[in-house]
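Chains as they are written, first to last, in this note's numbering: chain A, 4 to 153; chain B, 4 to 153; chain C, 4 to 153; chain D, 4 to 153.
No wet-lab data here; the hints were simulated from the structure.
It is possible that some hints are incorrect.
All copies of an identical chain are treated as equivalent in the list; a pair is satisfied when it fits inside any one copy or across any two copies.
No farther apart than 27 Å at their CA atoms in a straight line, the calculated lysine-lysine pairs in the DSSO-like style are these [to be verified]: (1) 141 with 115; (2) 128 with 7; (3) 117 with 61; (4) 61 with 32; (5) 33 with 141; (6) 74 with 100; (7) 141 with 117; (8) 32 with 74; (9) 7 with 74; (10) 117 with 148; (11) 92 with 128; (12) 127 with 117; (13) 117 with 100; (14) 148 with 61; (15) 127 with 7; (16) 128 with 148; (17) 117 with 32; (18) 7 with 33; (19) 127 with 92; (20) 141 with 74; (21) 141 with 61; (22) 92 with 33; (23) 7 with 32; (24) 61 with 127; (25) 148 with 37.
There are 4 protein chains.
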Amino acid sequence: MAVKLSTGYVRASGYAHKVRRVLFALARKKVEPKEIIRASAELNQRIFEEFQRLNVSKEDVVRITVDFRIKDGSIVWDYDSLRIEVYRKGEEERLAKAMEEVEERERELEEKIKAIEEVALNLKKLTDELIERIEELKQEHTSLKLRAEE
Amino acid sequence: MAVKLSTGYVRASGYAHKVRRVLFALARKKVEPKEIIRASAELNQRIFEEFQRLNVSKEDVVRITVDFRIKDGSIVWDYDSLRIEVYRKGEEERLAKAMEEVEERERELEEKIKAIEEVALNLKKLTDELIERIEELKQEHTSLKLRAEE
Amino acid sequence: MAVKLSTGYVRASGYAHKVRRVLFALARKKVEPKEIIRASAELNQRIFEEFQRLNVSKEDVVRITVDFRIKDGSIVWDYDSLRIEVYRKGEEERLAKAMEEVEERERELEEKIKAIEEVALNLKKLTDELIERIEELKQEHTSLKLRAEE
Amino acid sequence: MAVKLSTGYVRASGYAHKVRRVLFALARKKVEPKEIIRASAELNQRIFEEFQRLNVSKEDVVRITVDFRIKDGSIVWDYDSLRIEVYRKGEEERLAKAMEEVEERERELEEKIKAIEEVALNLKKLTDELIERIEELKQEHTSLKLRAEE
């Protein structure tokens, strides 16, 4: 069964990340993350070639749709269904400006999420250290069952 | 180079755990936890046989010393050096009572440490879930580098 | 010194949240969160009245700018500088559609952030429990300095 | 209703900490930690005076029992019931040695618990930072309910 991927409106400069994010939302529970990364890279290469043929500039706004199937854990693109709409910045000034603002805001969001991820990874390290120290306490001061015994 | 393991004074009922705990303190950084568990089980079996020969009852207090070496990551007991002192409960009433109290207190300590370990393991689970959810957020809402790309 | 707040392009339905978010980004380090919430509610009420006067429908796209000053920890709006641009959905169909997509995506993002917040609050509860249990351990099994002694 | 506190066998040098620990185990759920600390300090002063009268040296082993009541959130000692048994080191050499070993082991345990406490307090700091950063994310990137609104 084919699924349709649609990027929605997005600046040409940001199409590749948008493709990948949408594909994650559609396929995460069905295929491995690595396959999503591979499949989006493949599609993005094809879109990039079309962009050159269509003379798309990075400030233009585009909307891309394409069908795909999942077969044996892989994503297979139906390139015949690939459709690219292009809205030139000069003609659609406000649309282009609005999408630029969206991009800018996403960059700020990314910085904050990255900072949260760092805190979470430090939490993980500390939690591992805590468990390690409790194991030491168990080894030298109790007769509790140890992890090495499990 | 030989190292001397000494249990200190301990009730006969608790010698096995005491041997293992002391061995962890002496050898943890030099051999694997599994080897410490194996080696203490081996020694404890030998001590158990001696106890039967000596007619030790579990309320008696004992003190055990023995030398060992570490060779290729294994602990090798020098059974010729094994020395077991036995203090009969009837004759050393206060010593026996004092060591019983120590054992009782260790049991209470174990319960508390076990409860702390459970909390720590739950912390670990939650931290893993947090990192998983942040990864999802990154996949669908950012162009940040994903773990699957590393 | 006056600061300019600009919502950027946003659907009329979402102007109030956008005003507040932008104000947090501009003023968080200078005034209390409560004042930001109060001041954005005040401005949003005024914008709402203008919307009714201008006959703005919620699918239209708007862009709002206004100057403000911070005086004694309060935000003071310069309503003379308030400027509202309106782009009617019928005439700016693609702009309206693009901003609707942005709103939709923000809703998904909010759900994920809310889930992460819940995990973090559970982590906090567990960490507090851990510290409580360690204090108990200290009280009954050690002579370490207690929190009640500090 | 009177409750009996008993230190069990303990070296004279460690009686004060033992009194406090046992009192925590008996009274924690009934009175405030501060009152336990105060009441044990009061009793320990009295025991100290008796030790001087009895010429107890710190290597001797003692066993102390005393009754107390809880009245209006305070611990009231019944000094008439105070009983101190003293076992001189010279006469009870093995008992004194055994209790010295117990003390030594408790010191090692304390160091490990202190290290675990430090890790837990760092976990707390990091968790607070995480929640702070998620609140920032909510303020600038979502319309979720903020803590300042609650």
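Flag every earlier hint the structure violates by its number, smallest first.
Violated: hints 2, 4, 6, 11, 15, 19, 22, 24.
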